[in-house]
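A.B. asks: These are the residues of each chain, in order.
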Amino acid sequence: MRKIKEFIIEKLILLCGVASIIFVVLILLFLLNEGLSLFKDIGPYEFVSGKKWYPISEPPQLGILPLICGSLLVTLGAAIISIPIGVACAVYIAEVAPSWIKDILKAGIELLAAIPSVVLGFIGMVTLSPLIKSVFNLPTGLTALSGSIMLAFMAMPTIVSIAEDALYAVPKSYKEGAFALGATHWQTIWRVILPAASPGILAAVMLGIGRVIGETMAVMMITGNAAKIPDGFLQPVRTLTATIAAEMGEAVVGSEHYFALFAIGLILFIISFIINLTADLFLHRKERR
Amino acid sequence: MYKKIFFMAIVFGMALYAGCGRGSDNSGGFASNPGSAFSGSLQVKGSDTMVNLGQAWAEAFMKKHPEAGIAVTGGGSGTGISSLISNTCDICMSSRNIKEKEISLANQKGVSPQEIKVAMDGLAVIVHPKNPVTNLTIDQLAGIFTGRITNWKDVGGNNAAIVVLSREVNSGTHVYFKEHVLRKGDPNSKEEFEPGALLLSSSQAIADEIAGNQNAIGYYGMGYISEKQKPVHVSKDEKSEYVAPAIENVINGKYPISRPLLLYVNGQPGGLVKEFIDFALSKEGQDIVLKTDFVPVLPNEEKK
Numbered sequence: 000m001r002k003i004k005e006f007i008i009e010k011l012i013l014l015c016g017v018a019s020i021i022f023v024v025l026i027l028l029f030l031l032n033e034g035l036s037l038f039k040d041i042g043p044y045e046f047v048s049g050k051k052w053y054p055i056s057e058p059p060q061l062g063i064l065p066l067i068c069g070s071l072l073v074t075l076g077a078a079i080i081s082i083p084i085g086v087a088c089a090v091y092i093a094e095v096a097p098s099w100i101k102d103i104l105k106a107g108i109e110l111l112a113a114i115p116s117v118v119l120g121f122i123g124m125v126t127l128s129p130l131i132k133s134v135f136n137l138p139t140g141l142t143a144l145s146g147s148i149m150l151a152f153m154a155m156p157t158i159v160s161i162a163e164d165a166l167y168a169v170p171k172s173y174k175e176g177a178f179a180l181g182a183t184h185w186q187t188i189w190r191v192i193l194p195a196a197s198p199g200i201l202a203a204v205m206l207g208i209g210r211v212i213g214e215t216m217a218v219m220m221i222t223g224n225a226a227k228i229p230d231g232f233l234q235p236v237r238t239l240t241a242t243i244a245a246e247m248g249e250a251v252v253g254s255e256h257y258f259a260l261f262a263i264g265l266i267l268f269i270i271s272f273i274i275n276l277t278a279d280l281f282l283h284r285k286e287r288r
Numbered sequence: 000m001y002k003k004i005f006f007m008a009i010v011f012g013m014a015l016y017a018g019c020g021r022g023s024d025n026s027g028g029f030a031s032n033p034g035s036a037f038s039g040s041l042q043v044k045g046s047d048t049m050v051n052l053g054q055a056w057a058e059a060f061m062k063k064h065p066e067a068g069i070a071v072t073g074g075g076s077g078t079g080i081s082s083l084i085s086n087t088c089d090i091c092m093s094s095r096n097i098k099e100k101e102i103s104l105a106n107q108k109g110v111s112p113q114e115i116k117v118a119m120d121g122l123a124v125i126v127h128p129k130n131p132v133t134n135l136t137i138d139q140l141a142g143i144f145t146g147r148i149t150n151w152k153d154v155g156g157n158n159a160a161i162v163v164l165s166r167e168v169n170s171g172t173h174v175y176f177k178e179h180v181l182r183k184g185d186p187n188s189k190e191e192f193e194p195g196a197l198l199l200s201s202s203q204a205i206a207d208e209i210a211g212n213q214n215a216i217g218y219y220g221m222g223y224i225s226e227k228q229k230p231v232h233v234s235k236d237e238k239s240e241y242v243a244p245a246i247e248n249v250i251n252g253k254y255p256i257s258r259p260l261l262l263y264v265n266g267q268p269g270g271l272v273k274e275f276i277d278f279a280l281s282k283e284g285q286d287i288v289l290k291t292d293f294v295p296v297l298p299n300e301e302k303k
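In order, the protein sequences belong to chains A and B. Going by numbering that gives the first Met the number 0, the residue at position 32 of the first sequence is 31; the numbering climbs one at a time, nothing skipped. Going by numbering that gives the first Met the number 0, the residue at position 181 of the second sequence is 180; the numbering climbs one at a time, nothing skipped.
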């Protein structure tokens with residue numbers, strides 16, 4: 000009886016395990032099938048380097064360079080803001096903070112991760128964008144900078160929790176050795192613990208960036224969605240994800256526009272695949288040591 | 000571990016729900032039409048502009064005929080037309096005319112869309128109440144929205160950059176504004192919104208941004224005008240009268256940017272579909288149109 004039960008459970012779990020792989024493969028195949036159909040009509044180079052995005056005109060102009068620039072700019076901004084704060088926060092939690100502060104901080108960061116992105120976007124729309132408008136004296140507050148700041152909030156929990164794990168994983172003997180040689184606490188952190196944990200911290204950063212580049216709702220609400228190549232952080236931008244979300248309802252199934260949205264999806268998939276792969280490489284390099 | 004199980008359960012539940020939803024969509028409407036003309040269910044789908052109107056009609060209709068079930072959903076005119084083509088809705092609401100391409104796609108699938116005009120909507124061009132500009136011609140509007148005019152002082156306002164707001168491309172309002180203001184109804188025109196125009200995802204978002212930005216200009220259906228925005232008076236050209244977007248000006252045809260609100264059905268309407276459309280065009284239905292801040296269709300146009 001017990002054996003049968005065990006057998007069934009084992010197979011069920013196996014099925015679940017395999018299912019996720021099957022789903023990923025099916026999604027990838029579907030994405031490839033729909034996305035690549037676009038390139039019958041226009042060349043891949045033209046698609047990626049075109050500067051005009053007018054998908055519903057006749058004939059449609061499908062150039063996603065402004066969208067790629069928009070996504071990269073917002074992500075870069077979010078990285079510049081969230082990486083130093085996130086890593087510093089992880090160091091403080093792992094090395095400096097007394098345990099009661101540590102508990103409060105960790106709970107706070109988990110709470111930050113639990114805020115739905117649409118809520119963050121809404122808050123950003125009503126508080127942050129008017130602020131940015133008046134501080135920089137801009138014609139509009141819906142800019143790449145607003146998006147970057149909001150996305151930095153979203154990347155922070157990922158970066159802090161993974162970087163903190165990496166810092167904990169540094170063997171205690173390193174720290175003790177550094178203290179024994181007469182190093183101060185700061186010297187130990189800066190010269191010994193951070194370098195030792197660097198692969199894990201890099202992985203944390205990469206995963207945080209992966210989260211940012213795939214984020215949709217908040218950026219759609221606060222970046223203004225103008226499909227123009229931006230020349231600075233204080234301009235409206237349109238990201239790849241926001242384009243898919245905003246336009247999928249309108250695209251006629253089987254039209255060039257529809258295929259173009261899937262091709263954008265394919266490009267996003269490739270970008271996040273590369274980011275996750277890089278993160279994985281760093282993590283495994285750490286294990287091999 | 001528990002977190003993962005919980006998450007998986009949610010994903011499965013959602014997939015299941017989506018699957019079932021699709022199934023009942025397909026079987027609803029045409030297939031089930033036994034008994035009286037009022038029993039059965041209808042799927043009405045399409046334009047976000049018309050969702051409130053459609054909902055108001057559905058509620059009034061169901062109050063009169065409790066045996067009928069009418070579901071109204073939005074998503075945009077394009078979404079509605081796509082679902083009419085794929086036969087997942089019975090009536091499609093649209094704030095723009097169906098495109099040639101969509102008709103041929105529909106014919107391929109054995110669907111022949113029929114157009115019924117049920118109301119009119121005036122598109123208001125709006126600015127911040129403190130903006131001194133009150134009158135604009137269609138030419139000036141086209142200049143502003145295509146990016147040829149970039150400073151308010153060129154149209155008689157302050158020396159400040161113009162912030163152009165537009166709806167997203169899934170909006171029938173966006174398409175109508177492009178075709179009738181930017182391109183002035185000329186099908187060969189290649190005018191486009193300037194690439195720097197901010198595309199916002201709802202009429203309410205445009206209303207909010209205008210309310211907080213003295214240099215912004217945007218457009219939406221008349222129903223959204225409030226004290227926090229100032230509608231611009233529009234004229235066809237410099238010699239014509241500048242007209243405010245108001246219900247009487249849309250009815251008498253003086254206001255230059257007004258558009259029809261349409262329903263599309265597959266083939267000649269019959270049964271519940273016909274009853275619903277007749278109701279929408281009746282005196283009672285047109286009163287609801289007025290109540291939801293749209294403009295009723297003229298009696299002589301109703302007969303067309």
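Since the hints were derived computationally from the structure, they do not count as laboratory data. Please read these numbers as outputs of a predicted model, since none were measured by experiment. Take these hints with a grain of salt, some might be off.
[Said to hold, decoys possible] Each pair of labels, with its calculated beta carbon distance range: (1) Pro59(A) with Glu237(B): 28 to 36 Å; (2) Ser201(B) with Lys2(A): 33 to 41 Å; (3) Gly49(A) with Gly266(B): 51 to 59 Å; (4) Pro59(A) with Leu289(B): 58 to 66 Å; (5) Asn251(B) with Gly49(A): 27 to 35 Å; (6) Gly49(A) with Gln203(B): 38 to 46 Å; (7) Asp230(A) with Asn187(B): 28 to 36 Å; (8) Ser133(A) with Ser40(B): 32 to 40 Å; (9) Lys100(B) with Phe135(A): 41 to 49 Å; (10) Gly49(A) with Ala210(B): 31 to 39 Å; (11) Leu276(A) with Asn158(B): 49 to 57 Å; (12) Gly184(B) with Lys50(A): 23 to 31 Å; (13) Lys105(A) with Ser225(B): 32 to 40 Å; (14) Gln267(B) with Val23(A): 42 to 50 Å.
[To be verified] On the chain A side, residues computed to face chain B include the following (Cβ under 10 Å): (15) Glu9; (16) Ser56; (17) Pro83; (18) Ile84; (19) Val125; (20) Ser128; (21) Pro129; (22) Lys132; (23) Ala225; (24) Ile228; (25) Gly231; (26) Gln234; (27) Val251; (28) Val252; (29) His256.
Even glycine gets a Cβ: it sits at the ideal position worked out from N, Cα and C.
A.B. asks: Give a verdict on every hint.
C.D. replies: Here is what the structure says about each hint:
1. Distance hint check: the CB atoms of Pro59(A) and Glu237(B) are about 35 Å apart, consistent with the given range 28 to 36 Å.
2. Taken as a hint, the range 33 to 41 Å is violated for the pair Ser201(B) and Lys2(A), whose Cβ atoms sit roughly 59 Å apart.
3. Under the hint 51 to 59 Å, the C-beta atoms of Gly49(A) and Gly266(B), about 41 Å apart, miss the expected range.
4. The hint said 58 to 66 Å for the Cβ distance between Pro59(A) and Leu289(B), and at roughly 38 Å that hint is violated.
5. A C-beta distance of roughly 45 Å is found between Asn251(B) and Gly49(A), which places it outside the suggested range of 27 to 35 Å.
6. Distance hint check: the CB atoms of Gly49(A) and Gln203(B) are about 32 Å apart, inconsistent with the given range 38 to 46 Å.
7. Checked against the hint of 28 to 36 Å, the pair Asp230(A) and Asn187(B) passes, with Cβ atoms roughly 33 Å apart.
8. At about 52 Å, the CB distance of Ser133(A) to Ser40(B) disagrees with the hint of 32 to 40 Å.
9. Lys100(B) and Phe135(A) have their C-beta atoms about 43 Å apart, which keeps the hinted 41 to 49 Å range intact.
10. A hinted range of 31 to 39 Å holds for the C-beta pair Gly49(A) and Ala210(B), which are about 35 Å apart.
11. A C-beta distance of roughly 52 Å is found between Leu276(A) and Asn158(B), which places it inside the suggested range of 49 to 57 Å.
12. A hinted range of 23 to 31 Å for the beta carbons of Gly184(B) and Lys50(A) is consistent with their spacing of about 28 Å.
13. In this structure the hint that Lys105(A) and Ser225(B) lie 32 to 40 Å apart at CB is violated, the actual value being about 45 Å.
14. Checking the proposed 42 to 50 Å range against Gln267(B) and Val23(A) shows it holds: the Cβ atoms sit about 47 Å from each other.
15. Interface hint status for Glu9(A): violated, as the beta-carbon distance to the closest one in chain B is roughly 17 Å, over 10 Å.
16. Using the Cβ-Cβ criterion of 10 Å, the hint placing Ser56(A) at the interface with chain B is satisfied: the shortest such distance is roughly 6 Å.
17. At its closest, the beta carbon of Pro83(A) sits 29 Å from a beta carbon of chain B; the interface hint therefore is violated under the 10 Å criterion.
18. Below 10 Å, beta-carbon pairs count as interface contacts, and Ile84(A) has none with chain B, the closest being about 26 Å; its hint is therefore violated.
19. Checking Val125(A) against chain B: minimum C-beta separation of about 8 Å stays under 10 Å; hint holds.
20. At a threshold of 10 Å, the smallest CB-CB gap from Ser128(A) to chain B is about 9 Å, leaving the interface hint in force.
21. Taking 10 Å as the C-beta cut-off, the interface hint given for Pro129(A) holds, the closest approach to chain B being about 6 Å.
22. With 10 Å as the threshold, the beta carbon of Lys132(A) comes within range of chain B, its nearest partner Cβ sitting at about 7 Å, so the hint holds.
23. With 10 Å as the threshold, the beta carbon of Ala225(A) comes within range of chain B, its nearest partner Cβ sitting at about 5 Å, so the hint holds.
24. Nearest Cβ of chain B to the Cβ of Ile228(A): about 8 Å, under the 10 Å cut. The hint holds.
25. About 13 Å separates the beta-carbon of Gly231(A) from the nearest beta-carbon of chain B, more than 10 Å, and the hint is not met.
26. At about 8 Å, the closest approach between the beta carbon of Gln234(A) and any beta carbon in chain B falls short of 10 Å, and the interface hint on this residue holds.
27. Contact between Val251(A) and chain B, as hinted, is supported at the beta carbon level, the nearest pair being about 6 Å apart and thus within 10 Å.
28. This hint holds: Val252(A) has a C-beta 6 Å from the nearest C-beta of chain B, less than the 10 Å allowed.
29. Given the 10 Å rule on beta carbons, the hint for His256(A) holds: about 9 Å separates it from the nearest Cβ of chain B.
Taken one by one, the earlier hints fail for this structure at numbers 2, 3, 4, 5, 6, 8, 13, 15, 17, 18, 25, listed in ascending order.
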